[in-house]
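Trainee: Order-wise, the sequence lines are chains D and R.
Note that this note's numbering has the first sequence beginning at 5, numbered continuously upward.
Note that this note's numbering has the second sequence beginning at 5, numbered continuously upward.
The hints are simulated quantities; they were obtained by calculation from the structure and are not laboratory data.
The model shown is predicted, which means the values in this text are computed figures rather than measured ones.
We put the beta carbon where it would ideally sit given N, CA and C, even for glycine.
Be careful, since some hints might not be right.
Computed list of chain R residues with no C-beta within reach of chain D, every gap over 12 Å [unchecked claim]:
hint, residue
1, 30
2, 124
3, 197
4, 213
5, 255
In the SDA-like style, the derived pairs of lysine to any residue whose C-alpha atoms are separated by at most 25 Å in a straight line are [unchecked claim]:
hint, chain 1, residue 1, chain 2, residue 2
6, R, 261, D, 25
7, R, 89, R, 33
8, D, 261, R, 232
9, D, 206, R, 174
10, R, 179, D, 165
11, R, 172, D, 165
12, R, 295, D, 129
13, D, 30, D, 169
14, D, 172, R, 262
15, R, 206, R, 245
16, R, 179, D, 228
17, R, 74, R, 217
18, D, 179, R, 161
19, D, 52, D, 25
20, R, 261, D, 226
21, R, 158, D, 175
22, D, 206, R, 179
23, D, 295, R, 190
24, R, 206, D, 190
25, D, 206, R, 184
There are 2 protein chains.
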Amino acid sequence: MSHLRPDGDAIGSQLALGLALEEMGKTVYYWNVDGLPESMEFLPYSDKISLPPEVAPLIDVAVALDTATKVRLGEANIAACAQAKLWVNIDHHMSNPRYGDMNYVDATSPATGQIIYEIIQALQMPLPDGTRDAIYVAVSTDTGSFQYDSTTAKTYRMAADLMDRGLKIGQINAKTYDNHPYRRVELLRTLLNTLELSAAGKVASWEMLDATRVSLQLQPDDSEGLIDMIRAIRGVQVAVFFEELPDGKIRVSMRSKDRSVDVCKIATIFGGGGHYLAAGIRMAGPIAAAKELVLAEIAKAI
Amino acid sequence: MSHLRPDGDAIGSQLALGLALEEMGKTVYYWNVDGLPESMEFLPYSDKISLPPEVAPLIDVAVALDTATKVRLGEANIAACAQAKLWVNIDHHMSNPRYGDMNYVDATSPATGQIIYEIIQALQMPLPDGTRDAIYVAVSTDTGSFQYDSTTAKTYRMAADLMDRGLKIGQINAKTYDNHPYRRVELLRTLLNTLELSAAGKVASWEMLDATRVSLQLQPDDSEGLIDMIRAIRGVQVAVFFEELPDGKIRVSMRSKDRSVDVCKIATIFGGGGHYLAAGIRMAGPIAAAKELVLAEIAKAI
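With the rest of the complex left out, here is chain D (with noise of 0.2 Å):
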């Protein structure tokens, strides 16, 4: 099982253990709440990833992948567990509270991914061809490809022996990177339209009202990523994201370039939370009420 929302880190750990475990004759599920999200269906055996069944099979070790908190597996996931003799919780989260009977968490590793890939290493597990293309699009996903500061010269040596075991890099970084639907640009379109700079160009901010939602087709993750166009402006030091939900309410996404400007002391002053370099809100609206209040804030922290 991985987390609710999954991203290339949660599905690439679960295909990429799952596949291992599988060629040593174990029997594998894979579990995630809200299935295989689209951007996902390139990786090799995804067709793998369900939602959990209401009338679960016996289960004798139930494993959590990249998942920082038991809750964000989904009740359902739970539920289809409660006989597991053993929980397993393997996770690169730092906050991770290690709620497993067995837990490997290791904060200083880019993915979870990564530690898929040591574990297999250590144990010397199988590492079939499905393994060794999900470790890889785990860890690229999770590093921004290869760049955050989390990755490591173990990240790619890592990356070295996928290659000499046949990865095609060529292919699956297309399969992975270019391969966006139609309506994410029609969304970074709109997105661009609203594009405003304040506090002398340190902020930059956008805006989607949720009739966009509604007339592009949006799916959850259209907009993954997209924030990070803006936080890339010379001189911008804080990048936020003002969306319109449904129910009315203003999500707002805020993300800083580095430590100068400490997002999640901001999103606590309106309830919300996160880590200093990306951190959220949900609070009322109207939109142009939340912007306010939010880009009053971060002019003073700035």
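Got chain D sorted already, so can you dock chain R onto it with the hints?
Mentor: Just chain R now, kept in the frame of chain D:
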């Protein structure tokens, strides 16, 4: 020296080799006929890059880096090195005709920066911090952050070694990729507002009038890589950028997603050239006429 309109691999290779040679006690000049692009100003010691002087100092060895043909060094570079006793030509472009007295052309290398790394290792030359950073940026920018098919297992092992040597991975990538001038984002917005899909969604094209260049005060490298964003749309096989030049001619840049459409063949029809994945044309305007002609040929090829 490196090629005109220099990119990360051109400037990075110059600094990487030059700083290593300086560490060995050599006197090194760093010349480029277009000077240092703004996007590379963050590289340590990049202020060493200058235009070739009109009255050149005495040169023992002229080294051309990442430059497929001698003419792409620019006339001023060639003139400034007229007295050189030896020409060295280090490059990774397949088409390089070996115009030096000594040639090291390795088309299996994804970047000239990686060749410099291998030369430094083989000759046990020093690898100062400036060289380390320059090699990383050269290779990262020429592989789309370790994604392109040209990336090799050696590329990843090299990156691991550079990290062992103290490379600040998060910092250098932030400076390379998260530091765009605002006008680049304005350009992206303008382009997206002209985006059109044709040939049943297999062709994505956008256009820019010369007036946009003027009003946004664009520099030559501001549009670098933007076309990849529409090539990445699911279902798109060819992305096309129509750009009106100051003289009224139209520059057409084409990118193909894979071998299924050879954009070089299409460019050839209009007197242009390139290779199967990336090709260009310079043709008569107005932009609407150029679009009609080129898009018709692409549709035919598809």
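Trainee: Each hint needs a verdict: does it hold in this structure or not?
Mentor: Cross-check of the supplied hints:
Consistency note on residue 30(R): stated as away from chain D, and its beta-carbon is indeed over 12 Å from all of that chain's, at 30 Å minimum. With a cut of 12 Å on Cβ distances, residue 124(R) stays outside the contact zone with chain D, its closest approach being about 18 Å. Look at residue 197(R): its CB is around 7 Å from the nearest CB on chain D, not clear of 12 Å, so calling it non-interface is violated. A cut-off of 12 Å between C-beta atoms confirms that residue 213(R) is not in contact with chain D; the least separation is 18 Å.
Against the 12 Å criterion, residue 255(R) stays outside the reach of chain D, whose nearest CB is about 22 Å from its own CB. Proposed proximity of residue 261(R) and residue 25(D) is contradicted: the alpha carbons are some 35 Å apart, above 25 Å. Of the supplied pair hints, the one linking residue 89(R) and residue 33(R) holds, its CA atoms being roughly 15 Å apart against a limit of 25 Å. Proposed proximity of residue 261(D) and residue 232(R) is supported: the alpha carbons are some 24 Å apart, at most 25 Å.
Simply put, residue 206(D) and residue 174(R) have alpha-carbon atoms about 20 Å apart, close enough for the 25 Å limit, and the pair holds. A hinted pair counts as satisfied when its Cα atoms are at most 25 Å apart, and residue 179(R) with residue 165(D) does not qualify at roughly 28 Å. Between residue 172(R) and residue 165(D) the alpha-carbon distance is near 23 Å, which keeps this suggested pair within the 25 Å criterion. Annotation: proposed proximity of residue 295(R) to residue 129(D) is violated, straight-line Cα distance about 56 Å (limit 25 Å).
A threshold of 25 Å between alpha carbons decides the hint, and for residue 30(D) with residue 169(D) the separation of about 23 Å falls inside it, so the pair holds. A distance of roughly 14 Å separates the Cα atoms of residue 172(D) and residue 262(R); the hinted pair therefore holds under the 25 Å criterion. With a C-alpha separation of about 15 Å, the suggested pairing of residue 206(R) with residue 245(R) holds against the 25 Å cut-off. Of the supplied pair hints, the one linking residue 179(R) and residue 228(D) holds, its CA atoms being roughly 22 Å apart against a limit of 25 Å.
Distance check on the hinted pair: residue 74(R) and residue 217(R) sit about 30 Å apart at the alpha-carbon level, beyond 25 Å; violated. Pair hint residue 179(D) plus residue 161(R) holds up; C-alpha atoms about 23 Å apart against a cutoff of 25 Å. Between residue 52(D) and residue 25(D) the alpha-carbon distance is near 14 Å, which keeps this suggested pair within the 25 Å criterion. Between residue 261(R) and residue 226(D) the CA atoms are separated by roughly 21 Å; this keeps the pair inside 25 Å, and the hint holds.
Straight-line distance between C-alpha atoms of residue 158(R) and residue 175(D) comes to about 18 Å, which keeps the hinted pair within the 25 Å bound. Using a Cα cut-off of 25 Å, the hinted pair residue 206(D) and residue 179(R) holds, with the two alpha carbons roughly 16 Å apart. For the hint linking residue 295(D) to residue 190(R), the alpha-carbon distance of about 22 Å falls within 25 Å, and the restraint holds. Taking the CA atoms of residue 206(R) and residue 190(D), the gap is near 16 Å; set against the 25 Å cutoff, the hint holds.
Among the hinted pairs, residue 206(D) with residue 184(R) is consistent with the structure: their alpha-carbon atoms are about 13 Å apart, no more than 25 Å.
The structure does not agree with the numbered hints 3, 6, 10, 12, 17 stated previously, though it agrees with the rest.
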